[in-house]
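What follows is each chain in one-letter form.
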Amino acid sequence: MAISLSAQNIVKRYGAVVALADGNLDIHSGEVVALIGANGSGKSTLSKGINGVVVLDGGQLLLDGKPVQFSSPHAARDMGISTVFQELSLIPQMSVEDNIWLGREPLRSGGLVNKKAVREKTEELVALFEKAFKTKIRPEMPVGWLSPDEKQIIEILKAVSADPRILILDEATASLDSRQVQRLFGLVQKWKEEGKAIVFVSHRMEEIFQIGDRYTVLRNGRTVGAGMMKDLNEGELISMMIDKASVLKYSRKTKIEEVKVASQEVYVKVNNMHNDVLQGVSFEVYRGELLGLGGLHGQGQRELLHALFGDIPFQGSVSIEGKPVHFRHPKDAIKHKIALVPGDRSKEGLLIIRSILENLLLPSWKEYRFPLRMKKAFQDGGKIGKSLNLVMAGLDEPVSSLSGGNAQKVVVGKWLNRQPQLLLMDDPTKGVDVGTKTDFYILLSKLCDEGKTIILYSSDDEELLGLCDRVLVMHDGMIRTELSGKSLNKHQLLTASLGASNESVG
Amino acid sequence: MRRSLWEILNLRYPFILALILLILAIIINLSLQPNLLQREILNSNMRVFLPMILLAVGQSIVLLGGGIDISVGGIVSIVNAILATQVGLNGSPELMWKFVAVSLLVGIIAGVINGFFIAILRLQPIITTYATSFLYGGFALFILPQPGGGIPMDIANLYRNTMPFNLPLAFFILPLVLLAWWFITASRFGRYLFAVGGKPEAAYETAVPVTSVIFSTYVISGFMAALSGIAITMLTGSGNAEIGGLMTLTSITAAVVGGTAMSGGVGGVAGPMLGAITLGLLQNIISFSNINTWWQTFVNASIIVAALAAPGVIDLIGRRRS
Chain A
1 MAISLSAQNI
11 VKRYGAVVAL
21 ADGNLDIHSG
31 EVVALIGANG
41 SGKSTLSKGI
51 NGVVVLDGGQ
61 LLLDGKPVQF
71 SSPHAARDMG
81 ISTVFQELSL
91 IPQMSVEDNI
101 WLGREPLRSG
111 GLVNKKAVRE
121 KTEELVALFE
131 KAFKTKIRPE
141 MPVGWLSPDE
151 KQIIEILKAV
161 SADPRILILD
171 EATASLDSRQ
181 VQRLFGLVQK
191 WKEEGKAIVF
201 VSHRMEEIFQ
211 IGDRYTVLRN
221 GRTVGAGMMK
231 DLNEGELISM
241 MIDKASVLKY
251 SRKTKIEEVK
261 VASQEVYVKV
271 NNMHNDVLQG
281 VSFEVYRGEL
291 LGLGGLHGQG
301 QRELLHALFG
311 DIPFQGSVSI
321 EGKPVHFRHP
331 KDAIKHKIAL
341 VPGDRSKEGL
351 LIIRSILENL
361 LLPSWKEYRF
371 PLRMKKAFQD
381 GGKIGKSLNL
391 VMAGLDEPVS
401 SLSGGNAQKV
411 VVGKWLNRQP
421 QLLLMDDPTK
431 GVDVGTKTDF
441 YILLSKLCDE
451 GKTIILYSSD
461 DEELLGLCDR
471 VLVMHDGMIR
481 TELSGKSLNK
491 HQLLTASLGA
501 SNESVG
Chain B
1 MRRSLWEILN
11 LRYPFILALI
21 LLILAIIINL
31 SLQPNLLQRE
41 ILNSNMRVFL
51 PMILLAVGQS
61 IVLLGGGIDI
71 SVGGIVSIVN
81 AILATQVGLN
91 GSPELMWKFV
101 AVSLLVGIIA
111 GVINGFFIAI
121 LRLQPIITTY
131 ATSFLYGGFA
141 LFILPQPGGG
151 IPMDIANLYR
161 NTMPFNLPLA
171 FFILPLVLLA
181 WWFITASRFG
191 RYLFAVGGKP
201 EAAYETAVPV
211 TSVIFSTYVI
221 SGFMAALSGI
231 AITMLTGSGN
241 AEIGGLMTLT
251 SITAAVVGGT
261 AMSGGVGGVA
271 GPMLGAITLG
281 LLQNIISFSN
291 INTWWQTFVN
301 ASIIVAALAA
311 PGVIDLIGRR
321 RS
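The listed protein sequences correspond, in order, to chains A and B. Taken in order, the first sequence gives residues 1 to 506; the numbers are from my numbering. Taken in order, the second sequence gives residues 1 to 322; the numbers are from my numbering.
Any given hint could be a false lead.
Okay, the calculated beta carbon distance ranges per label pair [as the list claims (entries may be wrong)]:
hint, chain 1, residue 1, chain 2, residue 2, range
1, A, D78, B, W97, 32 to 40 Å
2, A, I442, B, V112, 53 to 61 Å
3, B, A309, A, V17, 39 to 47 Å
4, A, K66, B, P209, 22 to 30 Å
5, B, L37, A, T135, 56 to 64 Å
6, B, L37, A, D78, 51 to 59 Å
7, B, L105, A, Q8, 54 to 62 Å
8, A, H274, B, A301, 38 to 46 Å
9, B, L9, A, V17, 32 to 40 Å
10, B, E201, A, D57, 18 to 26 Å
11, A, N114, B, P209, 14 to 22 Å
12, A, V224, B, P209, 39 to 47 Å
These are calculated hints, taken from the structure and not from any lab test. We put the CB at the ideal spot given by N, CA and C, even for glycine.
All chains should be modelled from the sequences, with the hints used to inform the complete structure.
Here is the structure:
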């Protein structure tokens, strides 16, 4: 049963983006390895590399000392590697038992599924989490009826039912409550003693320290440290995750140093915003401010921006320049001079097969009357293109011919014609090359200097530090910390994102 | 989470709505035609309903796997055209059974063509089978340009009047189909079918052979359409290349009435069987009430539109409330 897996110098590229430059990880029987890293450090990619979900571009995997290659998750599973996926692999219409055993149903001699064995084995598995479920889980219930934490547990049981030798838990505790996490840790302890090897990917510091035997830290796609968990503390771990040298050397010159001086005028005030994801968010933005939203992925940043844009429903109050508003449709928000730069530009931001001109003028065709004044349209389009420093073959070219950064400029550009006063941006520089990023930062700075207000969510901490006057760090749909001035530094930002206790930070 | 009794009942017995509708249809039909349940009347009804029941079963299996088969009517037409032209009114029983076998093979080939485009080339099921429906329907017209031909009367009577133990023939065929369905659900293939129809990406991640499962649903549907074509040819005894044309819409309606979701992964085969009988009775009711038969198509289409719109409407009401 003893097993060891060694991943050496793993490389993985997605197009031009290098997700993993030099990933190294050693796993042994009877151990829990915590795989740690900040946003975009490559930990998910590394764990996907060792369970066969992604095909590696370089490096090698040694299973029990022998080189192996996994072409698919099935190949890895056949070698005894099971993964609890972050995005669940459950089929909502099917029952709990059918989901757990899908493709591995115990059969009777005639080739038919042995329903009795399925039921018994499922009950055994469900009993592992007996007291941790909020309701009684019956094997015949469709998975779609369960709550997110219960689905997560079923996903864990599905991975465990294959009796793997290596179990990868990729953010498996994200939707579990503390009692369920403790139950899982109890089981991990047991599995460890049985000789299984466990890879634990998590952002939660206290969990990492509670369950990890060893750690491997990733930073910018490289393994930068590995060792025994007991030899270090939270502060040291966080220091290891922080890149000392900035990759990006951009800093806004005209940052507002003290935001809350009396001369600043509140532009938007949000009070106790609630919905499925947001758990009571309150803050103020000042006119001409560049406010950052930070934190781990998916802590409600996207929902906050979309709620402000009238795109998703919420309870709570919002006021603009002191006047209460409640947008139920994006067109209300657009009327109030608000613009949204969505996260998925090819889906939500652009008509990818249409021309650059059409995209730039999409919100403002009304001004060109009937029949459309095309000459004026081309002049205006050219003007916007120039002001954005857009690198293109011509306004007639489809947006799909542009690089990621230039395409994103078009998303911003289409709003500029309408003179927006508040721009909401959802991770606008994701997948944008460094050169164009700088163009983009200059554009944002210019907009702020012109008195426009920007709320920017970014998964890139450097960007938040270099651009923003203030950063609100979000966690579980709430604002955990507000950073500004001197407190707006890498260490504080990462500490707040991870939810580590401040005292342990050296 | 609390679940209503209806949801739990529906989970255990996906055919429950179809059963309630069937009972209603029987009651209404009985009031118009009191001798409905008499042996002879029952047999003459069931032999008319059987082709549609078989077609609905094939359609449901495709729907369960997340697809749709618009070409089933075309396959019925081809089979009818083949039998009517090749066997003829004076053909021998041997010739008949030979071409029954050919018909089944043709149904399977038609299913393989659909499956190739949809499962292997990954084309959209609705567009693909809409196109092949013209291909098959056109081929049927090529074989049999004008209505005519047929099969020997005594062979047709075999289908019409055979009543083992004084019960309609359908009462013996349907349990066989149900047994085959039970066999599917009790095997791994059944689990795969529901998984592929429910969430194909998740099924793929779990090592389910998604492509071959989707492929096989169209082959099964083609086979069932051929059976349906054989049954309807024996029922009418004559040939008409356009006979299958209107059957496609009814087969989808029967599946939907029978609790099989058009979005895939939910339902079964027993419900669609009851659904097909219900729609047949509806046709009876319409003709007994002296209503224009156009209403039959109208009712079928309305049921499908309602079934498609229901999730959206429920969602809309939910949004209004919040």
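Hints and how they fare:
1. Under the hint 32 to 40 Å, the C-beta atoms of A:D78 and B:W97, about 47 Å apart, miss the expected range.
2. The hinted range of 53 to 61 Å is satisfied by A:I442 and B:V112, whose Cβ atoms lie roughly 60 Å apart.
3. Checked against the hint of 39 to 47 Å, the C-beta distance between B:A309 and A:V17 comes to roughly 42 Å, which is consistent with it.
4. Distance hint for A:K66 and B:P209: a CB-CB separation of about 28 Å, consistent with the stated range 22 to 30 Å.
5. Distance hint check for B:L37 and A:T135: the Cβ-Cβ separation is about 46 Å, which falls outside the suggested range of 56 to 64 Å.
6. For B:L37 and A:D78, the hinted distance range of 51 to 59 Å is satisfied, since their beta carbons lie about 57 Å from each other.
7. The hinted window of 54 to 62 Å between B:L105 and A:Q8 holds, with their beta carbons roughly 56 Å apart.
8. A hinted range of 38 to 46 Å holds for the C-beta pair A:H274 and B:A301, which are about 43 Å apart.
9. In this structure, B:L9 and A:V17 break the distance hint of 32 to 40 Å, their C-beta atoms being roughly 51 Å apart.
10. Evaluation of the 18 to 26 Å hint for B:E201 and A:D57 yields a pass: the beta carbon distance comes to about 23 Å.
11. Range check, A:N114 to B:P209: about 21 Å between beta-carbon atoms, so the 14 to 22 Å window is met.
12. The given range of 39 to 47 Å is respected by A:V224 and B:P209, whose C-beta atoms sit roughly 41 Å from each other.
The structure fails to meet hints 1, 5 and 9 from the earlier list, while all remaining hints are met.
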